[in-house]
Amino acid sequence: MINFSYTIWILLLPFLMFLLLGLAGHKYFPKLSGLIGTGGLAVITVLSYITAFKYFFTSEKVEGAYQKITAFNITWLQLTDKLHIDLGVLLDPISVMMLVMITTVSLMVHIYSLGYMKGEKGFERFFAFLSLFSFSMLGLVLATNIFQMYIFWELVGVSSFLLIGFYYQKPSAVRASKKAFIVTRFADLGFLIGILILSFNTRTFDFITLTDPAGAAIAQGGGIAFMGLSVMTWSMIFVFMGGVGKSAMFPFHIWLPDAMEGPTPVSALIHAATMVVAGVYLVARMFPIYAFSAPAALDVVAYVGAFSSLFAAVIACTQTDIKRVLAYSTMSQIGYMMLALGVSGYGGHAGLGYMASMFHLFTHAMFKALLFLGAGAIIHAVHTNYMTEMGGLRKYLPITHMTFLIACLTIAGIPPLSGFFSKDEILAAAFHNNKLLFAVEYAVAGLTAFYMFRLYFSIFWGKDTHYHHTPHEAPATMTIPLIVLAIGSVFTGLIPFNELVTSDGKVFETELELIVAIPSVLIGLLGIGIAFVMYRKESEIPDKLAATFKYGYKWAYNKFYMDELYLFVTNKIIFRYISEPVAWFDRHIVDGTMNAIASVTQNVSFRIRGFQSGQLQKYAFVFVTGAIMLAILFIYLWK
Amino acid sequence: MASNQIMFILFAAMIIVFSVLTVTSRKILRAAVYLLFVLVSTSGLYFMLNYQFLAAVQLTLYAGGIVVLIIFSILLTSHISQKFESSGWKKNVFSAIAAITGAILSIITILDYKFSATTEAAKEVDMRLIGKSLLSVDYDGYVLPFEVISVLLLATMVAAIVIAKKSGPAKTQSPTLNQE
Amino acid sequence: MNTGIPIQYFLILATIMFFTGVYGFLTRRNLITILMSVELILNSVNINFLAFNRYLYPNKLEGMFFSLFVIAVAAAEVAVAIAIIINIYRRFTTINVEDVNEMKF
Amino acid sequence: MDILTLFVVIPVLTITGILFLKDTRHVRLVSAFGMGLQLLLAAVLVFLYLSARHAGNTAEMLFIKDYLWFKSLNIHYAVGVDGISVAMIALTSLVLFAGIFASWEIEYLRKEFFISLILLSSGVFGFFISIDLFTMFLFYELAVIPMYLLIGIWGTGPKEYSAMKLTLMLMGGSALLLVGLLGIYFNSSPDGNLLTFNILEISKVVIPLPAQRLFFPLTFVGFGVLGALFPFHTWSPDGHASAPTAVSMLHAGVLMKLGGYGAFRVAIFLMPEAASELSWIFIILTSISVIYGAFGAIAQKDLKYINAYSSVSHCGLVLFAVLMMNKTAMDGAILQMISHGLITALFFALIGMLYGRTHTRMINEMGGLMKVIPFLSVCYVIAGLASLGLPGLSGFVAEMTIFVGAFQHPELFYRIVTILAVSSIVITAVYILRVVAILLLGPTTNEHFDHLTDAKWFEKISVVTLIGSVAAIGLAPFWLSTMIGTSLQPIVDRIIALNPF
Amino acid sequence: MSLGTFLVMRHELLLIASALLVLMAEIFWNPDKKRYISLFSVILFGVITIVGFLPSPIGSLFGGMYETSGTRLLMKNILNIGALLVFIQSVTWLKKEENSEKISEYFILLISTLAGMNFMISAGHFLMFYIGIELATIPIAALAAFDRYKNKSAEAGIKLILSSALSSGILLYGLSLIYGTTGTFYFNEVAALFGNNNLQILGFIFFFAGMAFKISIVPFHLWTADVYEGSPVNITSYLSVISKGAAVFILIIILFTVFPVIIATWQKTIYVTAILTMTIGNLFAIRQQNLKRFLAFSSISQAGYILLGFIGGNQLGMASVIYYILVYIFSNLGAFGVVIAISNATGKENMDDYNGLYHTNPKLSLIMTLALFSLAGIPPVAGFFGKFFLFTAAAQKGYYLLVLIAVLNTIISLYYYLLVVKAMFINKGETPIEKFRSDFPTRFALGICVAGIVVTGFASIIFEVIKNLSFGV
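Protein chains in written order, with my numbering: chain A, 0 to 638; chain B, 122 to 301; chain C, 120 to 224; chain D, 1018 to 1518; chain E, 121 to 593.
Okay, chain A solo, but in the shape it has when bound:
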């Protein structure tokens, strides 16, 4: 057995860095904090790679399956006799895979930020938050139990909140951060309820126990039925709700586009590569339970994923803010991953979807981070987010241009880039399980190619825009990460995921299914072609099209009015129709009652003052009648 206990440092280091930078950075080394943060993360990255290497290549397999290794575990809080929240490190294929992915992207983003954020006010704060985020995200993926995951789940939420609102003087950023936090918080409520129900039924939080296909948790089946579905299904649906929120699936996706108000490196790291896929990771983590105890919940996962990917792709076609396009694209791609999980089975080839999902998660992280960082470089150069104000940038930003193109091709699923392989596996999995979903995803693949190249052409080709000052290529700290990630995007498709990351930890055979692969490549090319026609040069076709599908375009452009719906719910329903009435009720009814008691007392006091009239004879009258009344009462009435 290999000793993995050093992996706890993967968690501890970023936390310590956060404390260091957060508490002392501002005062003592504001300039150095970037380097310290980046250096720290480099160490972590190295540790992660070592771990991954050791885990995948030197650790023993049992019956050909990768084992789940609890590298470190302490009881943090004992709740009941059986339920206790532990903090620890769990190593299994997906967590190690995530470890590698996160540290890689994170390191790139750190390096990139050294350049991107240079001179910004709050430089050290930025790196402190990044460290906090790294800590949280790593804690999330390494969680040994579902409650630890929830803890770090909340922490990533908060780091995301802090980073989105990094420019805290910008009202839109503040709004966005608030929105992100509250929407995900609402989703997390579901997660928490799911945990409660799950733990009530299974009496454990521990992943290993929970997801052991032969374990008690799964063996006991779905539990009693409640409103037509088994309790287990309910709990898994609730848990999935957390994932929906964090991964910006419909209907909790609305925070993601707004989250682009944060600094671009943050968007790349958190809102493209790592945090947003936490939902996928969550489902993957709980996958055996979904597969065995709550298949209905798994269907929900699939349909939500599919719908979200389509929905987002349609919207992405109409947006002009490049970061927003990328955000919708992210949502769409995560929809893919969800769908893949949703159509997957457990073990062997049935688990193709699972593998595909993880595969796509990995590749997507690379190319989406690349896209965002590229976008960052562009924005850095031209100081605008809107592609309508860009054009012809290929001349000014050659490196960015090349890497961006690679990323676009990757996401469009053009072989032999990595996106092709992972997306192909997903389509294959869908094809085998659910033709309807396959059709949807097939369409989405085309849409993806279209809007990505719409973006690409609008930025780098298109009209020759006049800029205030000539855009220039970003510094090396920013371009090197682009290049590294581009390399990653190209080659990660070659990693044999079917041998490393599978639903049951065992190797299974996959092959390129041409019946799926060829049409998908074709539709990708078709999308690129249309985009080429429409956006290669300035043309009126897009406007015409928009005019033709007036209402459809308008709805899509306005994101199907989801924001307005939410605004309506929050402002009108919660604020106007619940909170204010509650406050009114409290002031006037509850408090009013208390005040009324007081004023009635006062009033009675005033009314009865006539008894004390100052007239001796009235006093005597009361005296006499009082005595007589008492006598009558106690002699004749109440003896």
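Keep in mind that the hints were calculated from the coordinates and are not lab data. Note that CB positions come from ideal geometry on N, CA and C, so glycine has one too. Careful, some of the hints might be misleading.
Cut-off 27 Å, straight-line C-alpha distance, at most; resulting in silico cross-link-like pairs (DSSO-like, lysine-lysine) [stated by the list, open to error]:
1. D/Lys1128 - A/Lys26
2. B/Lys235 - C/Lys179
3. B/Lys235 - A/Lys638
4. E/Lys154 - D/Lys1128
5. D/Lys1039 - E/Lys542
6. D/Lys1477 - A/Lys120
7. B/Lys148 - B/Lys235
8. A/Lys26 - D/Lys1477
9. A/Lys638 - E/Lys517
10. A/Lys617 - C/Lys179
11. A/Lys120 - D/Lys1128
12. A/Lys169 - D/Lys1388
13. D/Lys1388 - A/Lys117
14. C/Lys223 - E/Lys542
15. A/Lys30 - D/Lys1477
16. D/Lys1473 - A/Lys26
17. C/Lys223 - E/Lys215
18. E/Lys154 - B/Lys286
19. E/Lys483 - D/Lys1039
20. B/Lys211 - A/Lys617
21. E/Lys483 - D/Lys1128
22. A/Lys617 - E/Lys388
Some residues of chain E that are not near chain B, with every Cβ distance over 12 Å (derived) [stated by the list, open to error]:
23. Phe160
24. Ser189
25. Gly190
26. Lys222
27. Arg268
28. Tyr293
29. Pro380
30. Asn410
31. Tyr520
32. Phe564
33. Val575
Listing some non-contacts, in silico: residues in chain A with all C-beta distances to chain B over 10 Å [claimed, not checked]:
34. Tyr5
35. Leu19
36. Phe620
37. Ala630
The hints should help you fit chains B, C, D and E onto chain A, whose structure is shown.
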């Protein structure tokens, strides 16, 4: 009808009639005189009940002392012939209701009760017995109240002095004796 | 000597007198007449004491002595009351009870 | 002198010391010294307690001292602590310590202010160390009454109205409580032994069920008023809003905990059967408190009102958990008391400091403070995050323990209600973030704010003490939870023995 | 009369003797020495108070007409303490020019009323009781009218004397019925012969009404406020504390020893009147501006609480009543002491005048606060213990509802007590009472009150002594 019954009815009638007159007469001096009649009739009842000593005390102290005191004070504070207005009918009616209710309640309750006399022999009330009892320190002796009442009377005297005594200059309100 | 007159007659007489006094207390406007009503009340009580003593408990003289002391106390009470009434007259120039109400509520 | 009585004696000595001071400038130094000593003593107590437990002392209460006071009624001055009271004492010392520093700049009648404040605290300490219902009640009222002067004299806004309302409502609660306590007393010995007020002795007998049915609601509501039980919570918003900083801190932070602590230690512990029989009524009321308080907070515009409603919500959770009557939920309730005590004290301290600078508490009149006074703002954000249950800070630990515990209730009704209560965490997030966003973030809205100064040293002491404690509990809840849990065991055992589910 | 008799009756005899001594002094001293009469009286009375505490034989005298026991001695001693405080508080007031001629009368009257109360408490016979009660009332009426030049004082006097005449008339009527049905006035014989028939209950109710008048129990209380307001403050405090206390003492003795047979009836009576008394007293007190009147209504509601100690007819009840009266003496005299001090210094008696008092006279304000808190039953002062024991006594017999009503009433009372506190501490006075320094007697008396308020509660020995001397039905 025996003579004592007639006497009782006579006294009772006088007491009731003059009592009512006392509390209703609109001339104050007349009221005082009616009160005197009531007190005298009462002493008549005492005689009937064979409490001659008490009847005498009643006549001297009450009829002689208190009524005179009252008449003096009337003379000091009112015009003799002054007729004062009767009080408001509301007050009269309610007071009457209260008084009548009380009376009915008491009478009903009294009539309801079976009185039983003691079986011990009656004591003759002669002056010697009264004197002995009044100075006796034993059971059924009244020396202590007798002494205490003297303190009471002393205190009353002092009290009357306190009220009447002029002392120090008037500060807040000047005396406003009506010198008509 | 009091055969033929049940004790109840005395008691009823005293009760009527008592409540006449109460009525007077409640209605008379002149402080002195109120005082006279008090005398009626006390007298009626004395009648009660004496009737009880004579009819029911003639073996002791408690009722009689009580009456005696009531008379003495009544005298004391009247003395002080009249002193105060005269003082009232000086202060208010009236002894109408309804006017003596500077303090109320 | 035993160590527990010292907790009452030190405040009294401090008050005496202040009384004899000629120079009012030294008042706060003496207060700080006295309360620092108290904090130290609390630390010593925690240490002594833990080492005694470690040494294997398994008695229900430790450091018991018992002096017969009123022999004929068998009233004792009896003190003793278990893990729960130790925790509460530590909380009180912390908040008080911070409170002294938060009111460093009181000018008007400074001497009187500190005297009242410390007097109040001596009531609180006395309450927590008492194991005799009589002394407990005595200290309870002692803690309530200085509030009137503190709010009435040093408060702001409609302070006289608020002070009166607060005092009368709390005394109303204690009126019910008094009847309840007398009922317990006269039923404390069904087999004809000496009647007693001693909690431990009463817990050895079973109060007859009809008596429990009568006196449990009285006792529970009596304490509940102080614990802001719906619909008896309305003293809280006005009271907190009008109170000066340290008083709000101490009141919301500690005094409201007297309610939860009492409800648990007296009402439920001594009358578990009626508690379990009637708990559904109070569960409904408390869940209303939880949700309603949170919604109420959303609509408020005054910072203190927001916090007051939030306290209603969070303290509602305490009573809610207590009523679930299992170990985990109760453990959570105690943790929540401590956590909320610290957090809300922190909030009120910060609000007071902001108010001292901006002279307003209306959120819509403020904005962009983060830029001008970063230290305070960051602390406010931390307080907010703690309040909405961010892991790593104490709120999370407490709430999760409550939710998990409450969800273990065997009856479906209770679990469904738990889910309702859980949903409050979202509403909490809404109002906290709303405030943070409006108040601290965004551009500065008022040019007067551009010249505000950040926290002074004494303010920093106050705030850092509290934040440190919040974080300490949040990061390492295990020892605290265990300390409470061990002490809960006999209580829960008794409850379960009398109420086999 | 033997020495033993003297010792048994020492309270009353000493009081009468001292009244006579003061009278002698008034008559025989030179006018220039008369200013020492106050001092002389107070010292004399101080000696009596101390002598009262010395151990002495107890027993029954005059064939049972005079009875004394540990309980009754205790009651007398408590009254003595209170009266002593009132005496000391009066000294400053008596120095005023308009009172200078009546100092000795003042003391004679007060001492004789106190003697009357002592006789009343020691009564073993209704005649003694009646004479005692009259001796305790009639001179006070004169004292109420003491301020010769104040309309209100005269009005107070007449209201007191006439009301009390009516009430003693009704009481006497009740007594006559009791006599008629039992044939005796001796307490122990009445107790033995008492039945449960209507006429006796009627007699009892009338008797109770007469007593209730003295304690100012609703609906027999209406004279209270006017008389308290009109009388000189010292007399008001005497009335509210000593007179009331004495009446409470004798009522509880009579109820427990003479009327145990009809306990059910008087419990019901007390139940009804207690609720009325507390509530009405409180409701009226809320609106009062004049502090004397305010304290009058407060004392009415206090009487209501005291009735809670009666209702159980238990030993604890009697103990708590006696204890409460002790506490009440200190508390109320503390409050009145402050009112007196301020009234003497400035003539102000209204609540508005007290605005901002704390800033000019902090010590007086603190004493007032302490006294009011004690009246309201706030720990840790004695009033809390007093109330607690009263409620405990009622609860012991299962009167939980009554206790609940009572404690809810204490909230109303807390409200108006706090109004005074508010005036002193919170309100800003436009023309605050100026800073002044009271003379020694006032400070001394207030000091004793404060000590009493603080110590009586904590020193459990006091309650234990009282408890041991008490008895139940």
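Verification of the hints:
1. D/Lys1128 - A/Lys26: 38 Å, violated
2. B/Lys235 - C/Lys179: Measuring from Cα to Cα gives roughly 21 Å; hence the hint holds.
3. B/Lys235 - A/Lys638: 19 Å, holds
4. E/Lys154 - D/Lys1128: 46 Å, violated
5. D/Lys1039 - E/Lys542: Holds: D/Lys1039 and E/Lys542 sit about 26 Å apart, inside 27 Å.
6. D/Lys1477 - A/Lys120: Answer holds: D/Lys1477 to A/Lys120 is near 24 Å, not above 27 Å.
7. B/Lys148 - B/Lys235: 42 Å, violated
8. A/Lys26 - D/Lys1477: 16 Å, holds
9. A/Lys638 - E/Lys517: Roughly 19 Å separates the two Cα atoms, so the pair holds.
10. A/Lys617 - C/Lys179: 40 Å, violated
11. A/Lys120 - D/Lys1128: Roughly 45 Å between the alpha carbons, so the hint for A/Lys120 and D/Lys1128 is violated.
12. A/Lys169 - D/Lys1388: 12 Å, holds
13. D/Lys1388 - A/Lys117: Measuring from Cα to Cα gives roughly 20 Å; hence the hint holds.
14. C/Lys223 - E/Lys542: Satisfied, since the Cα-Cα distance of roughly 25 Å is no more than 27 Å.
15. A/Lys30 - D/Lys1477: 26 Å, holds
16. D/Lys1473 - A/Lys26: Holds - the C-alpha atoms of A/Lys26 and D/Lys1473 are around 17 Å apart, at most 27 Å.
17. C/Lys223 - E/Lys215: At roughly 30 Å apart (the allowed maximum being 27 Å), E/Lys215 and C/Lys223 break the hint.
18. E/Lys154 - B/Lys286: Since the Cα atoms of E/Lys154 and B/Lys286 sit roughly 16 Å apart, the hinted pair holds (cutoff 27 Å).
19. E/Lys483 - D/Lys1039: 16 Å, holds
20. B/Lys211 - A/Lys617: Holds, because 12 Å separates the two Cα atoms, which is no more than 27 Å.
21. E/Lys483 - D/Lys1128: The hint holds at about 14 Å.
22. A/Lys617 - E/Lys388: 26 Å, holds
23. Phe160: 17 Å, holds
24. Ser189: 17 Å, holds
25. Gly190: 21 Å, holds
26. Lys222: 5 Å, violated
27. Arg268: Violated: least Cβ distance 7 Å, not greater than 12 Å.
28. Tyr293: Given that some Cβ of chain B is not farther than 12 Å from that of E/Tyr293, nearest at about 8 Å, it is violated.
29. Pro380: Holds: least Cβ distance 21 Å, greater than 12 Å.
30. Asn410: 16 Å, holds
31. Tyr520: E/Tyr520 is indeed farther than 12 Å from all Cβ atoms of chain B, at 33 Å.
32. Phe564: 26 Å, holds
33. Val575: 35 Å, holds
34. Tyr5: 96 Å, holds
35. Leu19: Holds, because the least Cβ-Cβ distance between A/Leu19 and chain B comes to about 81 Å, which exceeds 10 Å.
36. Phe620: Non-interface label on A/Phe620 violated, nearest chain B Cβ at 6 Å vs cutoff 10 Å.
37. Ala630: Given a closest Cβ separation of 6 Å, the condition is violated.
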